[in-house]
Amino acid sequence: MSEVRLGPFLVRTERAKIEAYRRATRTGGQEIPAAFPICWLGEPAIRAAVEKACGNRLPLHEGQTFDYARPLEIGAEYHLSLSLSEEADPPRLALRGDCKTAAGEPCLRMETLLRLVAPAVELSA
Amino acid sequence: MNRAVPEVGTRLPERAFGPFTSAELAAYADISGDTNPLHLDSGLAAKVGLAAPPVHGMLLLAGFEPALQEWRPDLRIERLSGRFTLPVLEGEPVTLSGRVVRVSGGDTAQVLVRLMAHGASRAPAIVGEALLVPREVS
Numbered sequence: 001m002s003e004v005r006l007g008p009f010l011v012r013t014e015r016a017k018i019e020a021y022r023r024a025t026r027t028g029g030q031e032i033p034a035a036f037p038i039c040w041l042g043e044p045a046i047r048a049a050v051e052k053a054c055g056n057r058l059p060l061h062e063g064q065t066f067d068y069a070r071p072l073e074i075g076a077e078y079h080l081s082l083s084l085s086e087e088a089d090p091p092r093l094a095l096r097g098d099c100k101t102a103a104g105e106p107c108l109r110m111e112t113l114l115r116l117v118a119p120a121v122e123l124s125a
Numbered sequence: 001m002n003r004a005v006p007e008v009g010t011r012l013p014e015r016a017f018g019p020f021t022s023a024e025l026a027a028y029a030d031i032s033g034d035t036n037p038l039h040l041d042s043g044l045a046a047k048v049g050l051a052a053p054p055v056h057g058m059l060l061l062a063g064f065e066p067a068l069q070e071w072r073p074d075l076r077i078e079r080l081s082g083r084f085t086l087p088v089l090e091g092e093p094v095t096l097s098g099r100v101v102r103v104s105g106g107d108t109a110q111v112l113v114r115l116m117a118h119g120a121s122r123a124p125a126i127v128g129e130a131l132l133v134p135r136e137v138s
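Those protein sequences? They're chains A and B, same order as listed.
In terms of the numbering used here, the first sequence is residues 1 to 125.
In terms of the numbering used here, the second sequence is residues 1 to 138.
Accuracy of the hints is not assured; some may be wrong.
Among the chain B residues that face chain A by a calculated CB cut under 10 Å, a handful are [to be verified]:
hint	residue
1	E14
2	G18
3	D34
4	V48
5	A51
6	A52
7	G57
8	E65
9	P66
10	W71
11	D74
12	R76
13	I77
14	R79
15	G82
16	A130
Not close to chain B: a few residues of chain A, all C-beta gaps over 12 Å, as computed [to be verified]:
hint	residue
17	E3
18	P8
19	L10
20	R23
21	K52
22	G55
23	H61
24	E62
25	P71
26	A76
27	H79
28	A88
29	D98
30	A102
31	A103
32	G104
No lab work stands behind these hints, which were simulated from the structure alone.
All C-beta atoms in this analysis are idealised placements derived from N, C-alpha and C, irrespective of residue type, glycine included.
Isolated chain B (complex conformation) (with noise of 0.2 Å):
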């Protein structure tokens, strides 16, 4: 590792992610094959109460992933994991953060980082992990 171990406590700056528009989310669902219709079709979203389409889980999981390689780019992500609790819709902004909540050091340093992603709500919409861990160097 080329750079001192990160401590606990240590906050990743805050990152703002979308708003994500009906054709962004088709075009992940294009690429990811999850066409699930709740993400594409605004009328089913209102059947099941939701104003508009929620964006998919996975779409803002993967925000996390530059926002560590920037905070950390001699760290690399060996997991990454998180829970869906909240929607958020399409049209809504997104800010994503981070703490470290758990560091072991020596050669095989490994650094937790505790994720979580807002909308426009106070409680959380995603609430994950990436445990880091140093890059081989080539």
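Same shape as in the complex, but just chain A (with noise of 0.2 Å):
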């Protein structure tokens, strides 16, 4: 297995775009979806990482958690750091993120797992 740390990348928590994620997914209320951070990995820097990693490999999600220290805040910045380990059977991805508060306080820990699956080349042929 190997590992790569990535970042400190800096996070937002829009009130546009946590609109928006709540049309997108039906739901309502006031506070920030819990599953709203699954959208960072969607930031061009960190999607970067993560299509380098997969290869030609189609990424598959397969599981996710998200274990929060603290509620996040509307209109703040977080700071996400990023590890990537890749397994080799069968062919998996797991992206582990520790998100802080611009102060430096633990507030979210994220894991998404990732099959990996035939090279998409094929697929696409």
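Could you fit the two chains together into a complex? Lean on the hints.
Here you go:
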């Protein structure tokens, strides 16, 4: 197993993005949805790192965990550090995120498990 | 906590979620950044043996949050997890359910709820957990 550490990345909880997320997921409420931080993995720098780790394999989302030490606040900035670990059998990529407030207080740990399947180029052929 | 702690075995009201259209999957892909073509390209889905693109697992997992909030608005989610075991396809209705599997008492009560999402198959599409704790009173 190899591990790559990335970040910390600056991530945000913009109100407009949270509202768009609520619309797309049909969730209401006034708070930040617990699963909202999955959107941070779509940030260009993070996404590029994950795509590089996947290579030409197609990632299938196999599991996800969000573990909060404290609720996130709307309109705040956080620092997200990531580690990417690859397992060989079966091929799988584990992303573990450690999110802290701007003051360095722990607020969230998240884990994403991606199963890596047949080369995408073959699927697209 | 302003309500009694739920008992082990208590079931959440079942909740219908979806079905989702291709436009809705595209909207979720746009906001989440998960633009995996498998969710958006019916041709690619067919190549892996699926009759339609699968709904993002995270979109389905998100559906548990309003279900939990409506059931117990006095509790908040401290931990949410899910394993995506079977695909739910575009256009397929989903049923969300849950059951309390562990409770700890006292002022720091924690309620562990086992979560399940079913599509058309009898086997679950998602098996997950939510750990709920009392909301802080401001």
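query: Is the hint on E14 (chain B) kept, meaning its closest Cβ partner in chain A is under 10 Å away?
result: violated, 16 Å
message: Please check whether the beta-carbon of G104 (chain A) is more than 12 Å away from every beta-carbon in chain B.
response: The claim stands: G104 (chain A) keeps its Cβ more than 12 Å from every Cβ of chain B (closest is about 21 Å).
task: Take a quick look at A88 (chain A) and tell me if its Cβ sits farther than 12 Å from every Cβ on chain B, holds or violated.
output: Correct as stated: the minimum Cβ-Cβ distance to chain B is 20 Å, above 12 Å.
task: Report holds if the minimum CB distance from E3 (chain A) to chain B is greater than 12 Å, and violated otherwise.
output: Given a closest Cβ separation of 22 Å, the condition holds.
field: Beyond 12 Å from each Cβ of chain B, as asserted for A76 (chain A)
entry: Holds, since 17 Å exceeds 12 Å.
- prompt: Far enough from chain B: is every CB of that chain over 12 Å from the CB of A102 (chain A)?
  reply: Correct as stated: the minimum Cβ-Cβ distance to chain B is 21 Å, above 12 Å.
field: chain A contact restraint for D74 (chain B) - C-beta distance below 10 Å
entry: violated, 13 Å
- request: Run the C-beta distances from A103 (chain A) to all of chain B and say if the shortest one exceeds 12 Å.
  value: holds, 19 Å
message: A closest beta-carbon separation below 10 Å is what the hint needs, so does R76 (chain B) meet it against chain A?
response: holds, 7 Å
task: Take a quick look at H61 (chain A) and tell me if its Cβ sits farther than 12 Å from every Cβ on chain B, holds or violated.
output: violated, 5 Å
message: Over 12 Å from every CB of chain B: does D98 (chain A) meet that, or does the non-interface label fail?
response: Non-interface label stands for D98 (chain A): nearest chain B Cβ at 15 Å, farther than 12 Å.
field: Closest C-beta approach of G57 (chain B) to chain A relative to 10 Å, hint status
entry: holds, 5 Å
The structure shown violates the earlier hints numbered 1, 5, 6, 10, 11, 20, 23, 24, 25.
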